[in-house]
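**Q** The primary structure of each chain is shown beneath.
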Amino acid sequence: MTFRRAGGRLRPRAVAAVALSLLLTAACTAGADDGAPADPESPAAESEPEPEPEETGGGGPGADGAYDFVLDPAKAPATAAEAAGLVDRVAPAPENFGPGYVVRDPAEDDPGEWAVLGEDCVWRRAPVPDGVLASLTRYTELPAADGRGAVQAAMVITVHRDVRGAQWEMARTIEDAQRCPEQQLRQNEWVRGLTSMGQERGTLGNRTTEDALQEFGEFYPDAAGPYPYHWFRIRIGPVTVAFSAKGGAGRTQEEVTEGPLNALVDTTTRLEAELGAEEAATGGGEDDA
Amino acid sequence: MTEPLRPADPSALGGHRLLGRLGAGGMGVVYLGRTGAGALAAVKMIQADLADDPEFRARFRREVQHARRVTSAWAVPVTGADTEAPRPWMATAFVPGPSLAEAVTRCGPLPPRAVLILARMLARALTAVHAAGLVHRDVKPQNVLLGPDGPRLIDFGIARPAEGATTLTGEGMVLGTPGFLAPEQAEGRTGATGPAADVFSLGCLLAYAATGRPPFGTGTPDALLYRTVHDEPDLSGLDGAEHAPLAALLRRCLAKDPAARPAPEALDAEITEDVPDGSVSWLPDDVVRLMAVRAAELLALPDIEPTEIGTPAGPARPGRRRLLTLAAGGAVALAGGAGALWALSGSGDGNSDGAGNGDGGPDPAAGGSGSGGPRIAVHADLSGPGRAAGQAQERGVRLAVEEFNARPDAPFTLSLVVEDDGGDPQRAAEAAARLAGDPAVLAVIGPTHDATALTALPRYEEAQLAMVAVSPGRDTLAAEALVLEESLVLVRTRPSDIYLSVPLATLLLGSPAPGYPGVLQDRALGIQSQVTASLVHTLVRDSGGVTHPRVVPPGVLDNEGYGTVVAEMLAAGIDALVYAGPADGAAAVARELAAAGFTGPRYGIQPVLDPVFPERAGEAAEGWTLVSSFTDPVALPAAGDFVAAHRKAHGEEPGPWAAEAYDAATLVVRALGSAPGGPPDRAELAPMLREATLEGIAKSYAFSPDGSFAGEGTFLYRVENGGFTFLGPAAAPA
Numbered sequence: 001m002t003f004r005r006a007g008g009r010l011r012p013r014a015v016a017a018v019a020l021s022l023l024l025t026a027a028c029t030a031g032a033d034d035g036a037p038a039d040p041e042s043p044a045a046e047s048e049p050e051p052e053p054e055e056t057g058g059g060g061p062g063a064d065g066a067y068d069f070v071l072d073p074a075k076a077p078a079t080a081a082e083a084a085g086l087v088d089r090v091a092p093a094p095e096n097f098g099p100g101y102v103v104r105d106p107a108e109d110d111p112g113e114w115a116v117l118g119e120d121c122v123w124r125r126a127p128v129p130d131g132v133l134a135s136l137t138r139y140t141e142l143p144a145a146d147g148r149g150a151v152q153a154a155m156v157i158t159v160h161r162d163v164r165g166a167q168w169e170m171a172r173t174i175e176d177a178q179r180c181p182e183q184q185l186r187q188n189e190w191v192r193g194l195t196s197m198g199q200e201r202g203t204l205g206n207r208t209t210e211d212a213l214q215e216f217g218e219f220y221p222d223a224a225g226p227y228p229y230h231w232f233r234i235r236i237g238p239v240t241v242a243f244s245a246k247g248g249a250g251r252t253q254e255e256v257t258e259g260p261l262n263a264l265v266d267t268t269t270r271l272e273a274e275l276g277a278e279e280a281a282t283g284g285g286e287d288d289a
Numbered sequence: 001m002t003e004p005l006r007p008a009d010p011s012a013l014g015g016h017r018l019l020g021r022l023g024a025g026g027m028g029v030v031y032l033g034r035t036g037a038g039a040l041a042a043v044k045m046i047q048a049d050l051a052d053d054p055e056f057r058a059r060f061r062r063e064v065q066h067a068r069r070v071t072s073a074w075a076v077p078v079t080g081a082d083t084e085a086p087r088p089w090m091a092t093a094f095v096p097g098p099s100l101a102e103a104v105t106r107c108g109p110l111p112p113r114a115v116l117i118l119a120r121m122l123a124r125a126l127t128a129v130h131a132a133g134l135v136h137r138d139v140k141p142q143n144v145l146l147g148p149d150g151p152r153l154i155d156f157g158i159a160r161p162a163e164g165a166t167t168l169t170g171e172g173m174v175l176g177t178p179g180f181l182a183p184e185q186a187e188g189r190t191g192a193t194g195p196a197a198d199v200f201s202l203g204c205l206l207a208y209a210a211t212g213r214p215p216f217g218t219g220t221p222d223a224l225l226y227r228t229v230h231d232e233p234d235l236s237g238l239d240g241a242e243h244a245p246l247a248a249l250l251r252r253c254l255a256k257d258p259a260a261r262p263a264p265e266a267l268d269a270e271i272t273e274d275v276p277d278g279s280v281s282w283l284p285d286d287v288v289r290l291m292a293v294r295a296a297e298l299l300a301l302p303d304i305e306p307t308e309i310g311t312p313a314g315p316a317r318p319g320r321r322r323l324l325t326l327a328a329g330g331a332v333a334l335a336g337g338a339g340a341l342w343a344l345s346g347s348g349d350g351n352s353d354g355a356g357n358g359d360g361g362p363d364p365a366a367g368g369s370g371s372g373g374p375r376i377a378v379h380a381d382l383s384g385p386g387r388a389a390g391q392a393q394e395r396g397v398r399l400a401v402e403e404f405n406a407r408p409d410a411p412f413t414l415s416l417v418v419e420d421d422g423g424d425p426q427r428a429a430e431a432a433a434r435l436a437g438d439p440a441v442l443a444v445i446g447p448t449h450d451a452t453a454l455t456a457l458p459r460y461e462e463a464q465l466a467m468v469a470v471s472p473g474r475d476t477l478a479a480e481a482l483v484l485e486e487s488l489v490l491v492r493t494r495p496s497d498i499y500l501s502v503p504l505a506t507l508l509l510g511s512p513a514p515g516y517p518g519v520l521q522d523r524a525l526g527i528q529s530q531v532t533a534s535l536v537h538t539l540v541r542d543s544g545g546v547t548h549p550r551v552v553p554p555g556v557l558d559n560e561g562y563g564t565v566v567a568e569m570l571a572a573g574i575d576a577l578v579y580a581g582p583a584d585g586a587a588a589v590a591r592e593l594a595a596a597g598f599t600g601p602r603y604g605i606q607p608v609l610d611p612v613f614p615e616r617a618g619e620a621a622e623g624w625t626l627v628s629s630f631t632d633p634v635a636l637p638a639a640g641d642f643v644a645a646h647r648k649a650h651g652e653e654p655g656p657w658a659a660e661a662y663d664a665a666t667l668v669v670r671a672l673g674s675a676p677g678g679p680p681d682r683a684e685l686a687p688m689l690r691e692a693t694l695e696g697i698a699k700s701y702a703f704s705p706d707g708s709f710a711g712e713g714t715f716l717y718r719v720e721n722g723g724f725t726f727l728g729p730a731a732a733p734a
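Chains as they are written, first to last, in UniProt numbering: chain A, 1 to 289; chain B, 1 to 734.
Calculated from the structure, these hints are not laboratory results.
Beta carbons are placed, not taken as given, at the ideal position from N, Cα and C, and that holds for glycine.
Examples of chain B residues toward chain A, derived with CB under 10 Å:
id: 1; residue: Thr218
id: 2; residue: Gly219
id: 3; residue: Gln521
id: 4; residue: Gln530
id: 5; residue: Ala533
id: 6; residue: His537
id: 7; residue: Arg541
id: 8; residue: His548
id: 9; residue: Pro549
id: 10; residue: Arg550
id: 11; residue: Val552
id: 12; residue: Pro553
If we strip away everything but chain B, and leave its shape as in the complex, we get:
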């Protein structure tokens, strides 16, 4: 379904009244709009920082030119564009209908005749694309919309001239969608990627439509690309006589040699099925029904009158929920299944409202300087188990605010509000309610923990108050905290936990001879140990490696001890060990390994990077390599001034997370100070932050449209002499 507009979205663009959001991506947002004449359009608006990039603007100009050049009944026409506007945009005709991907996912494979008709119409679309001198390069089921009067090929975002174009993306770079790419694209042979690549992709798309499966299977992008280059397509199920003409056609489209593939015009000519004239008769009943459902959903949008839509209609893209479902494929059952179980078997959710009703009102005295100007807040654990991190963050933010206020050209004086939740989720919700109730607070940096972030985020969300989370790593923070809703206020300045597995897998694979690493998942750490272990197994195996997995329940430290499991892993012949668990467990494991004389590589994840580890493990901790998402500013040249200022203010060096918090505050004060006419409203700040970039003292910052961190941000430490030596950023995988 189409999503409603957000507060920061424009209400009109290029003569279109905007009705909702169809989707968002790295380049910007696509809106559903209506022209003055009442026609619906998909309006793509480029995001602000890209609009300021001359190279990107040139690229967008080319995309519009390319799309305008294609004239076919089966491609979506451009109805308007302004590539020179402050926020460039392009409008195309809106095709009401599900994508082919959604239709097949929900309704199953299409009958052979429908596939041939689809083939013929898309061959005509490709003929027009190629006649315009372009290669589409991203022909896939998601990019074919099933409109009431026939299919439409969309999205010329990565199309490029067939030859002689400026190379925007270098040789060796794979663009497009693995599983639907031609071998020459999969190998990154940009120069060899011509119109025939689109024919191969069309073959993949048609095979998918006919069988319900991509012809090179599913799995990781690497596996897909490998199979595309080396394996024969899987056309099983198309062996019967009724499929014979289609199967023969697909085999030719899917030839490894581009020269052996038919041209789109030849496909059009050899298919004898008649192209229906503006009807849905060629589609199975289920698909037509799906189109009608989409039409009904569209009618639920504000400002769309039923009378204005005469034919079956629906938004061009499935809604967020469905996207999630599709993205995860078979996980649909996981979602529905678990939800149903918990809804049915449990007592419901009796959690009381932790907002501290009654004390949630404005509390202007709360730690502020009383200046009456705009405020930013630190919400941290300053007195509980995470106080080291919380205090370091407060100090980092304080230094950034002082620096801002000391600027001679500071447009206003910022004051700082501090809330301590002691690491307690209930208190975190109360603290968040207080900050939310103080209208002078424009942004919050914190909280410190996953558990406190989970209870605080809903408060900030309700108040449209930007929450800049520096240290929480929970991968599913927003989805869990907001019960499926996307957050509009969350900005995360670190990669989530799962990304910490990548350097571990890289290290394991990069050893002189990838051997037989053991991976010990300790459920004492809950979901974080699980995502780490799972992804390490997946990454290592996808590269042809082997792992020795072990999983232990919570409580091993207090019950059985780790001796048995470590002995079993060593007896199995492991030559490296990854421990995905907490610091105290790591210490016990380290002692067992040392006692057994094991000297192979030993790795731990961020929770192990805690003084508890070397304290309890002693000598046995020496040489462990730990992966983290925070830096040691003392070891960073770019942080020299910050470290000096910190020393001066606090008499000691900054602790973990201080530099990241300083960067987070810098992002916030820049956004606040950059708006002409004074600081922006609360609701405007998070979108500004999400579009911002920063060369910080700890690392470079960029964000995805959903507020997650989009930069490189994993670092390695080694235990040496009872302390942690910063080794620098984890190397990008080879």
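Chain A extracted, bound-state conformation:
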């Protein structure tokens, strides 16, 4: 039986309003006027927004002023072996996540496999397809302490044969969340209420990466939960880097995100150094007001 109530005409507007508040919250990222643990200058809070990006494929660097990473195609891995070397060099160690993080067992997965979300919304490991050269997942955790549960984090670095492959992976990630707002992560682990938010450059405060997308939801291990769940994937040329972060009892969203975010930033920085053209990275950020 379909439930309809008399006042039902209010519903879509209300839902839209909720969705809008979500967008606005994402837009808040533009300011970064708090929650940015290590940016003493934080000039972003004062500065101008970017114009919209050219809404086409690549979008040349510098088109919107701030993002100045330039991929050097010659540095992009061409073989599985080169890709495996790259991911090994840039992948984070527990200390990149922050104090207290330790290796989980297993510490990492076979770079010849990656996780695929099935028709049944269950994640499973599968061999990487042809277009993927390597995909490394490293696992860490902030152990339970002071009566609070562990924060479990994973960092996934995937090297595609070409940029287009990575662009499709970003699209597929959004599609996964739309298809499966509820997903089974492992035998006894689920996320529910997943919402995904693509933030291509120039959108909702994304000034510093070509493409980003985030998902958050509620994490349910066994009979427990909900705890915060956060997933964050960005793309640099043909490489995607993502973290997943699963909270535990008593952990706030900020605690869950902080460590993996630190590691994502470190990993991204190393990747840009590995893949970037020489003259890139002349930082702006001076007070121009």
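We have chain A already, so just place chain B on it with the hints.
**A** Positioned in the frame of chain A, the structure of chain B alone reads:
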């Protein structure tokens, strides 16, 4: 935190000196004020157009009467009111402290004993409410403030007499906050909603305080209301022995049958925990600390001396930023996370100042008539990719200004200034700086695009110059352009992009048999395709439907083509398709669908409503239904005179956005002409516009206090014979 007063705010009201804004809503603004004697008060001022509405004034009178009738230590007393003033107001004692909602969100659930103490004090507050013959009807964590000497129930905005009242809101209308409403309220059974409804809401509130979760979950209002009526409350986590008395009490409060719920007096009597005498000892340390933080924030307000506040104190409402955070729940991480990433990993923001320093000064010759009188400006793309829309808007505005000047009683002659930015964001910022520098310009209509609006708005904001945006649809325009700050000058005459999803979902659900629609999100269109696709999925699923989502990256048209993805969707068995992407992509998709012989409903969003679509798709475009936020004035009876005037002036019919721009200009000239003693100052105009309403030629206009469009404004078109046939306003959802 309390927000500072805005330029248009009064500095005093009803004997209170106003110190800041505590919040704003549909009815008006709530200020933090101080009486002559130095006591702090929350002063609510009703907005001007409502004050002019006799029915509303009567309602406000009743609210004040109701609130005055309630006398309880645990309800907020009314300290003054004038319901007959030109701007009616009501003052209540100011409770310095966080709301229960904020306390639980930030500090976690309360221990069982604290919940029972809270229950007892709120039961006493409800006893007083009901003794006054009222039902509060909106008991929720946001409406309980944790003051240093105990909790206080606030907000009698929708309270009404328990029986025999005039029905202001009809049977079937749901008022209140889903998730904290009683089943009888959720079903809109107004007649059955009595004092016991408040007890149910109290049960929800206490369950929330004890577990940190609303007992009927979170989600869409409809889902919440459904669960309230049909599901048992979720009290998991309260199974232990120490929670047993509380859990038993909650179950009785949350009985579906109103008659089975205890009366508040009975609750008060059966709870044995002592009500503490004016102390915070019953609250956990974290909450007390939060109260102290609020106190510190309050001290940062101008004109509040530390010596005047002896106890832990803080504003009654969390600040805008926190509100946003709370509203979005788990999105907190999204915000903090992304911000941190971009702050850390990027090179900072090196965008140079695009204001065109050096040419930003007054330029009185810029297109004006040189009359020396007040000016309004059109800021548009007249030469770039959006010139059709820009030129149509200029013409619409011009006709409205000419009409005003031709009035025999025109109080002054308005002249029009025109700036063309060519659709370029940099030029838009420069154009805005020029207009901002011309003190005779009192309002700007434009710009045409999202990208140009994003760079222009900061200039207008700085200059306190009203920016009436006719065509930009970006949902987060102000937040992005102003880097989190709210705009004081933006007025939007169309619903933002996300609202265009609503008619699409309605159409999908309303088909004879809701089937299996495919939704193709094309990232070539960026965020607009995303918000559309996401909301369509959400709305359809919330109504029990199923969708088949696909997402493609930008550049499909130039790379793979749409053949593969369309074939996959058809093979999956979709019986309708929504394409959320640009016009050229839609044309390619339409061709693929036609080639495959697909004849089911095909829908597109506003960007598809572009001549490019039928041009490139040919026959394959026929029958597509498109949703937009602009009308076709030629098809609107109310626009007959406008269309005729346009034909006469320009020799052709008005294009898209002309009628909306004419309406926007009408709003502006009315506001300018209505002020006694000549046109208002720049800073006064935007607040006037936001409070204005207009029966325009395109649609009816009303605005939210933040300047967003608050009316119905989505329309449908169908592709017929290579053109777009206007079908009229999109039906309101059933």
